[in-house]
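Peer 1: So the chains spell out like this:
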Amino acid sequence: MKKLLLGEQGLVVIFALAFGLVSFFVPNFLTERNMLGLLQSVVTVGIVACTMMLCLAARDFDLSVGSNVAFAGMVAVMVSNSTGSIPIGILAALASGMIVGFVNGFVIAKFNINALITTLATMQIVRGMALISSDGRAVGINDPAFFNIALSKFLGIPTPIWVLAALFLVFWFVLNRTVFGKNILAIGGNPEASRLAGVKVDRMRIYVFALQGLTCAIAGILLASRITSGQPNSAVGLELAVISACVLGGVSLSGGRATMSGVIVGVMIMGIAENAMNLLNIPAFYQYIVRGVILLLAVLLDNLRSSALGRR
Amino acid sequence: MAFLDFDSITKTYPGVTALAGVGFGVAKGAVHGLMGENGAGKSTLIKILSGDQQANEGTIRIDGAVQSYGSTRDAFENGVIVIHQELQLVPELTVAENLTLGRFPAKMGIIARRRMLDEVGERLKAAGIDVDPRRKVKTLSIGERQMVEIGKAVMLNARVIALDEPTSSLSSRESEILFQLIDRLRSEGKVILYVSHRLDEVFRLCDSLTVLRDGKLAAHHETLRGVTRDQVVSEMVGREISDIWGYRPRPAGEVRLKVEEVSGQALKTPASFEVRAGEILGFFGLIGAGRSELMRLIYSADPRRGGAVAVDGVPLTATDPHGVIRAGIVLCSEDRKHDGIIQGRSIEENINISSRRHSARLGILKLPVEAETAETFIKKLRIRTPSRKQDVVNLSGGNQQKVILGRWLSEQGIKVLIVDEPTRGIDVGAKAEIYELLYQLAEGGMAIVVVSSELPEVMGICDRMMVMCAGRIRAELPRAAFAEKVILAAALPDSAAPTAIAS
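Chains as they are written, first to last, in the numbering used here: chain A, 1 to 312; chain B, 1001 to 1503.
Do not take every clue at face value.
Stated by the list, open to error - In silico lysine to any residue, SDA-like type, Cα no more than 25 Å apart, as pairs:
#, chain 1, residue 1, chain 2, residue 2
1, A, Lys200, B, His1358
2, B, Lys1337, A, Pro191
3, B, Lys1389, A, Asn176
4, B, Lys1337, A, Ala166
5, A, Lys200, B, Gln1412
6, B, Lys1337, A, Phe147
7, B, Lys1138, A, Ala166
8, A, Lys200, B, Ala1266
9, B, Lys1136, B, Ile1111
10, A, Lys200, B, Ser1359
11, B, Lys1379, B, Gly1445
12, B, Lys1268, A, Arg195
13, A, Lys200, B, Ile1111
14, B, Lys1138, A, Lys200
15, B, Lys1366, A, Ala166
16, B, Lys1389, A, Ala166
17, A, Lys200, B, Gly1445
18, A, Lys200, B, Val1262
19, B, Lys1379, A, Trp172
20, A, Lys110, B, Arg1361
21, B, Lys1152, B, Asp1132
22, B, Lys1389, A, Phe173
23, A, Lys200, B, Lys1379
24, B, Lys1366, A, Asn303
Stated by the list, open to error - Anything over 10 Å on all C-beta distances counts as not near chain B; from chain A, calculated:
#, residue
25, Val22
26, Phe24
27, Ile88
28, Ile149
29, Lys153
30, Val179
31, Leu185
32, Asn190
33, Ala197
34, Val199
35, Leu214
Unchecked claim - Restraint-style ranges between C-beta atoms, simulated for each label pair:
#, chain 1, residue 1, chain 2, residue 2, range
36, B, Gln1180, A, Asn114, 43 to 51 Å
37, A, Leu151, B, Lys1337, 27 to 35 Å
38, A, Leu120, B, Glu1443, 39 to 47 Å
39, A, Tyr286, B, Gly1121, 54 to 62 Å
40, B, Ile1287, A, Leu253, 48 to 56 Å
Rather than coming from a laboratory, the hints here were simulated on the basis of the structure. Beta carbons: idealized from backbone N, C-alpha and C, even for Gly.
Only chain A is shown next, with the shape it has when bound in the complex:
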């Protein structure tokens, strides 16, 4: 049992157990409608988790993702409205997200400032920018075609879920099959040794943060489309949900250890917990407690797994 839970496949086992239990005990859980709803609900967290995984794997940290998602959503809506072109709005949002990420990475890598502090600062700066841009109000979408990004379906499955699945695949490939991915894991394992082995550590870290900004923008655009407006106050606390999901998925906070399958499972466990609580009509206030407990358990599990693996 211990071996099963702490081993390589431990997460999948926990996930299967949780899924089975919830399917059995929670009414209306295992329906097509609810499954699609569940997947829709994890799109934002899931997309951002792809790059948060890289970030944590490189022993970095990004707290600014929530703000960045909100800001990118604002940019997408406002630029679309003012130019009348949705593609331009989307491009602007992607660019703004990447710029925020690049700035994060540049400051962290080149000025050697702790990632936690840097992104804590940009988290507030970017949130401020989102609020200033609309004077704190939500901005409605003019062109109804924008709604279609989230509403459209392919083979009966909403586009955002396809996007999520595609990103999972892309980042699985990036992590496991590219020099970049392996370099990230090496940096997380031992930054100095990686530098001496010829890895351009600073550049890799900047790339990671820029990518993180890019996925935040994608998540922001999809979110704005789904809630039919740019909301400067959206995605508050997203960073914690994403990091929780990653840690739950076996990504080591001390770097060097990450798997895409783990992160997917982590994201799904968080999603199922929330979905089940909603179906059971558990009030939102209690859900905070449950989420906190899940995070704590996740860190505990990470600890146990580390010592089980005999990592010094």
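Dock chain B against the given chain A, drawing on the hints supplied.
Peer 2: Relative to chain A, chain B alone:
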């Protein structure tokens, strides 16, 4: 009946058997030596004794009673204390506070300072440890800290004290004080387990000796009378080692590496030297002589302040290791743990981290090629592992060193190989293999720089030698002029005028 008795202790880690049924006993009031090459299982045995790790099989008995510890604290309370190479003291606290840590004499939560000082002072004095209990640990020398660690054992009335390489960072005077302290503890009837690489110390101190090899008991000597050093060495290695160096001369070619007036923050005096193709150049010096610092500057691991490096006559323009590697210079650092291995990643990834640039296309890996590279070097360098997927931290120090060598040997177009302490922590058998490898590489035309603080090694394998002292190159000697006296005279800081012999 032995006072401390190990009975068929077995310990396995994933894929590695660290100890296989090791058993021996130690009498009361004896200093017992524990020797073996790296990876022989000494550290594992000590970890099990200290409760840090649990044996899979076997028992430890003290005074006939079976001991089973779940933690180091359990071991503590049963009078077993292990003093590790890395000392475990709190620098900001005083000696007295360190020695009473966890059980401060106190009244209503207020520390009875007077009582603590008196008690500790008395005990230290009785044990012959001459350290002021009021001093903060951070102000003590390493030797004094070692004394305080042993003081811990004295304070706790330990029955069994294990010392793991206690003299590795002590001066010879400090070591002598330590030996006297150990003699004293012996006369008080303690059992002392003394782990060391140094034959001199073991023969000076120990009453009896156990030699481990590959996790098994290789030899057990109840007394050291009549035991010779050569005998112990061959017990450690498992075979006779005649000429470990196996030196053979080679013709030197054109100048491959030219270092001119290189300086940096850690090396104020500019240094210059050349290495030819096919030549093995040694760098000898005491710790802190600036050898590693110089190599790091050449490799651009640290920024250069001045000077120039050229490979095959082409000036090096790169300012980071990334570029220097591409210009054909690689460096195996002395600090394996910090600068070498990538913890948490597999042997395969550790080997391929740099050389994969030759196989990857558009940043996408060719995994079969990487697997083949890893397998090739695991075989070629005889890396002991169950699989190439093994996490590199699970390997012994010597095998980790080989992984890093494999990382650079798998590179293509390497012209200059700089190895800093290539055989530190490597057992004798593997050493000979690494030397042979260096000869082969040199014969292939590589220019090789070997940095070492082991004089016999530098004398044994190098064609030429530079001696550094206090941040400057003090002497240059051709192989014909290698003489211990001359070299040491140049390496010691307070010796007379520098010796310079033209090669």
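Peer 1: Each of the hints needs a verdict: does it hold here or not?
Peer 2: Cross-check of the supplied hints:
1. A:Lys200 - B:His1358: Judged against 25 Å, a Cα distance of about 16 Å means the pair holds.
2. B:Lys1337 - A:Pro191: 12 Å, holds
3. B:Lys1389 - A:Asn176: 14 Å, holds
4. B:Lys1337 - A:Ala166: 38 Å, violated
5. A:Lys200 - B:Gln1412: Since the Cα atoms of A:Lys200 and B:Gln1412 sit roughly 19 Å apart, the hinted pair holds (cutoff 25 Å).
6. B:Lys1337 - A:Phe147: 54 Å, violated
7. B:Lys1138 - A:Ala166: 56 Å, violated
8. A:Lys200 - B:Ala1266: 23 Å, holds
9. B:Lys1136 - B:Ile1111: 17 Å, holds
10. A:Lys200 - B:Ser1359: 18 Å, holds
11. B:Lys1379 - B:Gly1445: 23 Å, holds
12. B:Lys1268 - A:Arg195: 24 Å, holds
13. A:Lys200 - B:Ile1111: Status violated; Cα separation ~52 Å.
14. B:Lys1138 - A:Lys200: It is violated: about 37 Å lies between the C-alpha atoms, which goes past 25 Å.
15. B:Lys1366 - A:Ala166: 22 Å, holds
16. B:Lys1389 - A:Ala166: At roughly 28 Å apart (the allowed maximum being 25 Å), A:Ala166 and B:Lys1389 break the hint.
17. A:Lys200 - B:Gly1445: 29 Å, violated
18. A:Lys200 - B:Val1262: 24 Å, holds
19. B:Lys1379 - A:Trp172: Roughly 31 Å separates the two Cα atoms, so the pair is violated.
20. A:Lys110 - B:Arg1361: Given that 25 Å is the threshold and the Cα spacing comes to 28 Å, the pair is violated.
21. B:Lys1152 - B:Asp1132: 14 Å, holds
22. B:Lys1389 - A:Phe173: 19 Å, holds
23. A:Lys200 - B:Lys1379: 30 Å, violated
24. B:Lys1366 - A:Asn303: 33 Å, violated
25. Val22: 33 Å, holds
26. Phe24: 36 Å, holds
27. Ile88: Nearest chain B Cβ is 30 Å from A:Ile88, so the label holds.
28. Ile149: 30 Å, holds
29. Lys153: 32 Å, holds
30. Val179: 5 Å, violated
31. Leu185: 6 Å, violated
32. Asn190: A:Asn190 is in fact no farther than 10 Å from some Cβ atom of chain B, at 5 Å.
33. Ala197: A:Ala197 is in fact no farther than 10 Å from some Cβ atom of chain B, at 5 Å.
34. Val199: The assertion about A:Val199 is violated, with a minimum of 7 Å to chain B.
35. Leu214: Label holds. Min Cβ-Cβ 17 Å, cutoff 10 Å.
36. B:Gln1180 - A:Asn114: 43 to 51 Å: 48 Å, holds
37. A:Leu151 - B:Lys1337: 27 to 35 Å: For B:Lys1337 against A:Leu151, whose Cβ atoms are near 55 Å apart, the range 27 to 35 Å is violated.
38. A:Leu120 - B:Glu1443: 39 to 47 Å: 57 Å, violated
39. A:Tyr286 - B:Gly1121: 54 to 62 Å: The hinted range 54 to 62 Å holds for A:Tyr286 and B:Gly1121, with Cβ atoms some 58 Å apart.
40. B:Ile1287 - A:Leu253: 48 to 56 Å: Distance hint for B:Ile1287, A:Leu253 is violated at roughly 35 Å.
Of the numbered hints stated above, those contradicted by the structure are hints 4, 6, 7, 13, 14, 16, 17, 19, 20, 23, 24, 30, 31, 32, 33, 34, 37, 38 and 40, listed in ascending order.
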